[in-house]
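Using the sequences plus the hints, can you model the full thing?
Chain order of the listed sequences is A and B.
The first sequence begins at 8 in this note's numbering and counts up by one.
The second sequence begins at 5 in this note's numbering and counts up by one.
It is worth saying that the hints were derived from the structure and are not from the lab.
Glycine included, each C-beta is placed from N, C-alpha and C at the ideal position.
It is possible that part of the hints are untrue.
20 angstroms max Cα-Cα, derived EDC-like pairs, lysine to aspartate or glutamate [said to hold, decoys possible]:
#1 B:205 - A:232
#2 A:132 - A:232
#3 A:124 - B:215
Looking from chain A toward chain B, a few residues come up when the C-beta cut is under 7 angstroms (computed) [as the list claims (entries may be wrong)]:
#4 85
#5 249
#6 250
#7 251
Footprint (simulated), chain B over chain A, 3 or more residues, beta carbon under 8 angstroms [what the hints assert, rightly or not]:
#8 151-163
#9 193-203
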Amino acid sequence: MSDMANERDARAGVTGGGAGVDERVSVLVGDRLCVSCGFNLAGQSVVREPHYRMLIVRCPECATAASLQEYPVLGKWANRWGGVLAAGMILLTLLLALGTAGTIFGMSYAVSRVASKPLTDLIAKEHSAWAKASRETQNSSQMERATAALAVARAEAEAATAAAAAEPGSAELKARADAAALSLSQAEQRITTLQVTIDQQVQWQTYYDTSWVSIDWLAQQDTGDLIGRARAEGSKHLSAAFSLWLLLACIVFALGVLWGVVMLHARARRMALVCVVILAIAAVFAAIQRAGGGVGTTIMGTTQMELTSDVATRMLGVLPLALSAGLAALPLFLGMISGRPLARLYVRLVLPPRLRGPLATLWIADGLLPPSAR
Amino acid sequence: MRRRHPLQAGWRRWRGVQRAIRQVVFLTIGTAAMLAGSIGGAALTLDYFRAIGTSWTRLHRDVLTGRVSQWRAPEWMQGSGEPFSPIMLVMFSVLGGVVLSAGLTHWKRWMLIPAWLGLWNVVVFLPLMTHKAVVLFERVCAWVLSAGPVYVPRGSGGDFTGTYDLAAASMYSIAPFAFGMLGGSLARRLSAMNARRRWIKRRRWLRRRRESR
Numbered sequence: 008m009s010d011m012a013n014e015r016d017a018r019a020g021v022t023g024g025g026a027g028v029d030e031r032v033s034v035l036v037g038d039r040l041c042v043s044c045g046f047n048l049a050g051q052s053v054v055r056e057p058h059y060r061m062l063i064v065r066c067p068e069c070a071t072a073a074s075l076q077e078y079p080v081l082g083k084w085a086n087r088w089g090g091v092l093a094a095g096m097i098l099l100t101l102l103l104a105l106g107t108a109g110t111i112f113g114m115s116y117a118v119s120r121v122a123s124k125p126l127t128d129l130i131a132k133e134h135s136a137w138a139k140a141s142r143e144t145q146n147s148s149q150m151e152r153a154t155a156a157l158a159v160a161r162a163e164a165e166a167a168t169a170a171a172a173a174e175p176g177s178a179e180l181k182a183r184a185d186a187a188a189l190s191l192s193q194a195e196q197r198i199t200t201l202q203v204t205i206d207q208q209v210q211w212q213t214y215y216d217t218s219w220v221s222i223d224w225l226a227q228q229d230t231g232d233l234i235g236r237a238r239a240e241g242s243k244h245l246s247a248a249f250s251l252w253l254l255l256a257c258i259v260f261a262l263g264v265l266w267g268v269v270m271l272h273a274r275a276r277r278m279a280l281v282c283v284v285i286l287a288i289a290a291v292f293a294a295i296q297r298a299g300g301g302v303g304t305t306i307m308g309t310t311q312m313e314l315t316s317d318v319a320t321r322m323l324g325v326l327p328l329a330l331s332a333g334l335a336a337l338p339l340f341l342g343m344i345s346g347r348p349l350a351r352l353y354v355r356l357v358l359p360p361r362l363r364g365p366l367a368t369l370w371i372a373d374g375l376l377p378p379s380a381r
Numbered sequence: 005m006r007r008r009h010p011l012q013a014g015w016r017r018w019r020g021v022q023r024a025i026r027q028v029v030f031l032t033i034g035t036a037a038m039l040a041g042s043i044g045g046a047a048l049t050l051d052y053f054r055a056i057g058t059s060w061t062r063l064h065r066d067v068l069t070g071r072v073s074q075w076r077a078p079e080w081m082q083g084s085g086e087p088f089s090p091i092m093l094v095m096f097s098v099l100g101g102v103v104l105s106a107g108l109t110h111w112k113r114w115m116l117i118p119a120w121l122g123l124w125n126v127v128v129f130l131p132l133m134t135h136k137a138v139v140l141f142e143r144v145c146a147w148v149l150s151a152g153p154v155y156v157p158r159g160s161g162g163d164f165t166g167t168y169d170l171a172a173a174s175m176y177s178i179a180p181f182a183f184g185m186l187g188g189s190l191a192r193r194l195s196a197m198n199a200r201r202r203w204i205k206r207r208r209w210l211r212r213r214r215e216s217r
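Written as structure tokens, this is what we have:
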């Protein structure tokens, strides 16, 4: 009889030995009739009988033992396929580790961005005020110069026009008056252009002055003072950051459940170790991200600017990111611990008893009785 | 007794595992899709109800008091598809009944209705529960920092009338869901009959082959 749900478990049982009456090692899948009474043995537990330590299935109706036979694997392909499957499993585990670490890092980064929002707002406000004041100074001086040039051009034009009117026949004076009139028109045009430019700047400054920070201005700031003032304003976005972290916790818990099922024979200590490894991979991701920093810079005019949110996140350092990622290890570990019990519960809920047999590994891995087939 | 090659035995075992996993996955996806469709239909119907001056929570009262005769669709809604949104709710609820009834054959029939209601309400109340968790977190923070509430989230007053409305809609989905359960049972019986017919056919074929040797 070769239709055991888990022959590997049975083989492990052969070498493992161990005393006890009717040690249950697996569950029978497929239809097998009892040789004595014809009862269908599907779903019965495969047990190790205590006398000869042989694997049998006992008929629940007439107690007749039906033997199980193990076959030697003669061909090479079974081992080869086993190797391929093992390699696939390792690859899957690696991908799952990278995916989990990526999720933890990505969402923790988002949490740190939200947590740094008060500082971002403060920097944006300060920079906006500074940019507005410096721009107004620059604009007013430009406007003053343009107005002075206009007054001069107007005076020259009036004088040239008067001189040309006093001597109507003089072609030279007429040409001078025309040139002065052209200068006047150009000066007026310049003022109009300047005004338009200033208006456009005012329109755009609302966006740029808050989203982008001049690096020169930033160099003059006291970072500690900025952080202190942002903190004093209160943890305005703490709730938003926590909401996001809750989402992270839910996703990581679900991944933990998946881990719990994938690592069938792992106990709590090994699960904790896997958590540490995943956090280490997330830390590597964070280090790579920090090493590749400065992506959000641009040059406007002659000034190099950096994204305000990048600046705020960098100023706060790794603490929010590390805190979020570190705390995410808790739902991950809880998910791993409760993974198999939850999977068993779900299988019981969703699958009819007859279909549970093939997933008996979920029970056997924790030393529990396989689910009954009826 | 006929012995199978280990590879063949392994393959059969894998097919068994695959069958079990397939049912777990497809039943989960199917249930989630039908639930999402039903709740979506209920939300669209709620929009329509609001436009005509009622809601899911007031619906039974309106029906009992005869206020139904006063319902008037606004002019901007003339010719739009909103009045048909209850069809979506009914359709997905019926299909939900079919999926759950055909999939969860080992459940007591009547248990499927509380399960459907439970799933529906968990989904609908999730935003409310998250909101409560965030407010609680904020209060704990304020208590730890010995300060007043540091930040009052938007809508902390709790305008969750939509949530309660959708929860009420779950009660209305029971009727089409129960109808779908009947359909699921019928589908299962038909499937069982078909499987039996195929098995009898195979058994005859196996006997013929054995006897011809």
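Now for the hints, and whether the structure bears them out:
no.	hint	in the structure
1	B:205 - A:232	violated (85 angstroms)
2	A:132 - A:232	holds (15 angstroms)
3	A:124 - B:215	violated (82 angstroms)
4	85	holds (6 angstroms)
5	249	holds (5 angstroms)
6	250	holds (5 angstroms)
7	251	violated (10 angstroms)
8	151-163	violated (count 0)
9	193-203	violated (count 0)
Of the hints listed earlier, those the structure fails to meet are numbers 1, 3, 7, 8 and 9, in rising order.
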